[in-house]
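Chains as they are written, first to last, in our numbering: chain A, 1 to 115; chain B, 116 to 229.
Don't read these hints as lab results, they were simulated from the structure.
If you only want the chain A side, here are some residues facing chain B, beta carbon under 7 Å, derived:
1) Gly43
2) Pro44
3) Ser46
4) Trp105
5) Ala107
6) Gly108
If you want the ones that stay clear, here's a sample from chain A, every Cβ over 12 Å from chain B, calculated:
7) Lys1
8) Ile12
9) Ala68
10) Lys71
11) Ser83
12) Lys114
Here a beta-carbon is modelled for each residue, glycine too, at the ideal position from N, C-alpha and C.
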Amino acid sequence: KNQVEQSPQSLIILEGKNCTLQCNYTVSPFSNLRWYKQDTGRGPVSLTIMTFSENTKSNGRYTATLDADTKQSSLHITASQLSDSASYICVVSGGEGDSNYQLIWGAGTKLIIKP
Amino acid sequence: DSGVTQTPKHLITATGQRVTLRCSPRSGDLSVYWYQQSLDQGLQFLIQYYNGEERAKGNILERFSAQQFPDLHSELNLSSLELGDSALYFCASSVVPTEKYEQYFGPGTRLTVT
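Next comes chain A alone, as it looks inside the complex (with noise of 0.2 Å):
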């Protein structure tokens, strides 16, 4: 079964520290792995979108790597600030040609930063 499982639920740090999330699944056959930052009560933003061949994608503070051999994705945070305080959500895509594809939407990690 298709599936993406994000860890932790939920994650507080105090601000200006780093942190790392992480995002595994089992979708086959893969094609792309994306994070998205969503806002409470707003509609998500896409940080990073990942093919097979990319092993690391940067978008400022943020760094997202992917392994498909171990099919697992990290988003990193470096220097957090209070406006990261969001839920961030991993999506992997799949499945056969472009007729055929299905989006798995993890359930995201909750990331509380503390003044």
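Guided by the hints, dock chain B onto chain A, whose structure is given.
Using the frame of chain A, we list chain B on its own:
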């Protein structure tokens, strides 16, 4: 601002009623997606349209239906509403419905069923 618009922003209605949520995709996007997000839950994919045709179905209840019109805007119809239907409903759009293209999300419609 993603360029995707949704109306209304908030909707309060009673159980048993029917409501219609509206979504206008970004200019040039042909595909529209609908998602439901209950309180403190992840997004649940409901349904996808491409250029007026239904493309994929997720966990959409039979009481719910949707369509995409020739001008590419989409409507999600929710009927015989129950308390458990209270949620944020998001619309997203993409250029074409393949995994290669980014989905852009609207601000959502918050539905409260009393």
